[in-house]
Amino acid sequence: GDSVTQMEGPVTLSEEAFLTINCTYTATGYPSLFWYVQYPGEGLQLLLKATKADDKGSNKGFEATYRKETTSFHLEKGSVQVSDSAVYFCARAPSGGSYIPTFGRGTSLIVHP
Amino acid sequence: DTAVSQTPKYLVTQMGNDKSIKCEQNLGHDTMYWYKQDSKKFLKIMFSYNNKELIINETVPNRFSPKSPDKAHLNLHINSLELGDSAVYFCASSERWTSGVPETQYFGPGTRLLVL
Numbered sequence: 154g155d156s157v158t159q160m161e162g163p164v165t166l167s168e169e170a171f172l173t174i175n176c177t178y179t180a181t182g183y184p185s186l187f188w189y190v191q192y193p194g195e196g197l198q199l200l201l202k203a204t205k206a207d208d209k210g211s212n213k214g215f216e217a218t219y220r221k222e223t224t225s226f227h228l229e230k231g232s233v234q235v236s237d238s239a240v241y242f243c244a245r246a247p248s249g250g251s252y253i254p255t256f257g258r259g260t261s262l263i264v265h266p
Numbered sequence: 077d078t079a080v081s082q083t084p085k086y087l088v089t090q091m092g093n094d095k096s097i098k099c100e101q102n103l104g105h106d107t108m109y110w111y112k113q114d115s116k117k118f119l120k121i122m123f124s125y126n127n128k129e130l131i132i133n134e135t136v137p138n139r140f141s142p143k144s145p146d147k148a149h150l151n152l153h154i155n156s157l158e159l160g161d162s163a164v165y166f167c168a169s170s171e172r173w174t175s176g177v178p179e180t181q182y183f184g185p186g187t188r189l190l191v192l
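The listed protein sequences derive, respectively, from chains G and R. For the record, in the first sequence the residue sitting at position 106 is 259 according to our numbering, with numbers rising by one throughout. For the record, in the second sequence the residue sitting at position 62 is 138 according to our numbering, with numbers rising by one throughout.
Don't take every hint at face value.
[Stated by the list, open to error] For the chain R half of the interface with chain G, some residues (derived, Cβ under 7 angstroms), not all of them:
hint, residue
1, Leu119
2, Lys128
3, Ile131
4, Phe140
5, Ser141
6, Pro142
7, Pro145
8, Phe166
9, Glu179
10, Phe183
11, Gly184
12, Leu190
[Claimed, not checked] In silico DSBU-like cross-links for lysine-lysine, where the CA-CA straight-line distance does not exceed 35 angstroms:
hint, chain 1, residue 1, chain 2, residue 2
13, G, Lys213, R, Lys95
14, R, Lys95, G, Lys205
15, R, Lys143, G, Lys209
16, G, Lys213, R, Lys98
17, R, Lys117, G, Lys221
18, G, Lys205, R, Lys117
19, G, Lys230, R, Lys117
20, G, Lys230, R, Lys128
21, R, Lys128, G, Lys202
22, R, Lys120, G, Lys221
23, R, Lys112, G, Lys221
24, G, Lys209, R, Lys95
25, G, Lys205, R, Lys128
26, R, Lys120, G, Lys209
27, G, Lys221, R, Lys98
28, G, Lys230, R, Lys95
29, R, Lys143, G, Lys221
[To be verified] Pair by pair, the computed Cβ-Cβ distance ranges are:
hint, chain 1, residue 1, chain 2, residue 2, range
30, R, Lys98, G, Ser251, 39 to 49 angstroms
31, G, Glu168, R, Asn93, 28 to 38 angstroms
32, G, Gly194, R, Lys98, 30 to 40 angstroms
33, R, Pro84, G, Ala206, 39 to 49 angstroms
34, R, Gly92, G, Ser232, 27 to 37 angstroms
35, R, Asn127, G, Pro266, 44 to 54 angstroms
36, G, Gly214, R, Lys128, 33 to 43 angstroms
Rather than coming from a laboratory, the hints here were simulated on the basis of the structure. Don't be surprised by glycine CBs; every beta carbon is placed ideally from N, CA and C.
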């Protein structure tokens with residue numbers, strides 16, 4: 154079935170380091186792709202999204218590009234801050250007649266000062 | 077002006093009890109969900125309602141029963157609570173796009189359930 158695979162964490166970085174969190178998906182068609190962020194003790198919130206191939210989503214210095222040729226939607230940030238420490242979820246909208254959105258297992262990011 | 081709210085935020089109870097979690101959204105969305113998040117942060121969808129109609133009912137014990145009195149509310153009732161039910165439960169909502177499928181989801185703050 155359709156799935157979203159993201160790299161296992163935790164990812165531990167020093168402040169101002171470059172961040173990449175890999176995400177690949179399988180899907181019928183070309184569903185919208187999302188990154189959600191979950192700060193400690195809170196619910197998930199949308200970080201960015203892309204609705205079609207080659208779209209780039211961006212927000213708060215984070216970026217991800219919808220690559221249909223590699224079925225990927227990797228999250229990047231040029232310079233992380235301590236406040237970026239959170240769990241990041243890659244997700245895709247339902248497709249192929251399903252109503253079920255699919256989430257990756259989450260990647261914990263820890264940024265040290 | 078909270079978009080998706082849940083009550084209670086914390087719930088500590090004994091095995092065998094029955095409990096309910098309430099969810100309300102003021103975004104005017106058609107679709108609402110319940111998710112269960114385990115201690116490793118894995119998110120599992122449980123149910124979804126669209127306009128008060130159940131559209132997703134994943135493999136969940138029938139001790140769990142969702143109820144949607146109207147489009148803005150989706151409650152979760154759990155009978156005969158078990159230790160393994162301990163988790164964080166998230167409510168979410170989304171609007172449907174013209175493509176016919178739900179898109180961006182808006183999550184509540186979560187209900188932390190601990191069964192002793």
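Quiz item: Regarding the hint that proline 145 of chain R lies at the interface with chain G, is the smallest CB-CB distance below 7 angstroms?
Solution: Since chain G brings no Cβ nearer than about 21 angstroms to proline 145 of chain R, farther than 7 angstroms, the hint is violated.
Self-check item: lysine 205 of chain G paired with lysine 117 of chain R [C-alpha distance capped at 35 angstroms]
Solution: holds, 28 angstroms
Practice problem: Verify the interface restraint on leucine 119 of chain R: the C-beta must sit less than 7 angstroms from at least one C-beta of chain G. | Solution: holds, 5 angstroms
Practice problem: For the range 39 to 49 angstroms, tell me whether the beta carbons of lysine 98 of chain R and serine 251 of chain G fit it or not. | Solution: violated, 28 angstroms
Quiz item: Does proline 142 of chain R pass the interface check with chain G, least Cβ-Cβ distance below 7 angstroms?
Solution: Not OK, violated: proline 142 of chain R not within 7 angstroms of chain G, min 15 angstroms.
Self-check item: phenylalanine 140 of chain R as chain G interface residue, shortest Cβ-Cβ below 7 angstroms
Solution: violated, 17 angstroms
Quiz item: Is the interface hint for phenylalanine 183 of chain R satisfied, with its Cβ closer than 7 angstroms to some Cβ of chain G?
Solution: Hint holds; phenylalanine 183 of chain R Cβ to chain G Cβ min 4 angstroms, cut 7 angstroms.
Self-check item: 35 angstroms limit on alpha-carbon distance, applied to hinted pair lysine 120 of chain R and lysine 221 of chain G
Solution: holds, 26 angstroms
Practice problem: Classify the hint on glutamate 179 of chain R as holds or violated, based on whether any CB of chain G lies nearer than 7 angstroms to its CB. | Solution: holds, 5 angstroms
Quiz item: In this structure, is the beta-carbon distance linking glycine 92 of chain R and serine 232 of chain G contained in 27 to 37 angstroms?
Solution: Cβ of glycine 92 of chain R to Cβ of serine 232 of chain G: about 52 angstroms, so the range 27 to 37 angstroms is violated.
Quiz item: Taking only the CA atoms, is the gap from lysine 95 of chain R to lysine 205 of chain G under or equal to 35 angstroms?
Solution: violated, 42 angstroms
Quiz item: Falls inside 44 to 54 angstroms, the C-beta gap from asparagine 127 of chain R to proline 266 of chain G?
Solution: holds, 48 angstroms
Violated hints for the displayed structure, listed by number in ascending order: 2, 4, 5, 6, 7, 12, 13, 14, 15, 20, 24, 27, 28, 29, 30, 31, 32 and 34.
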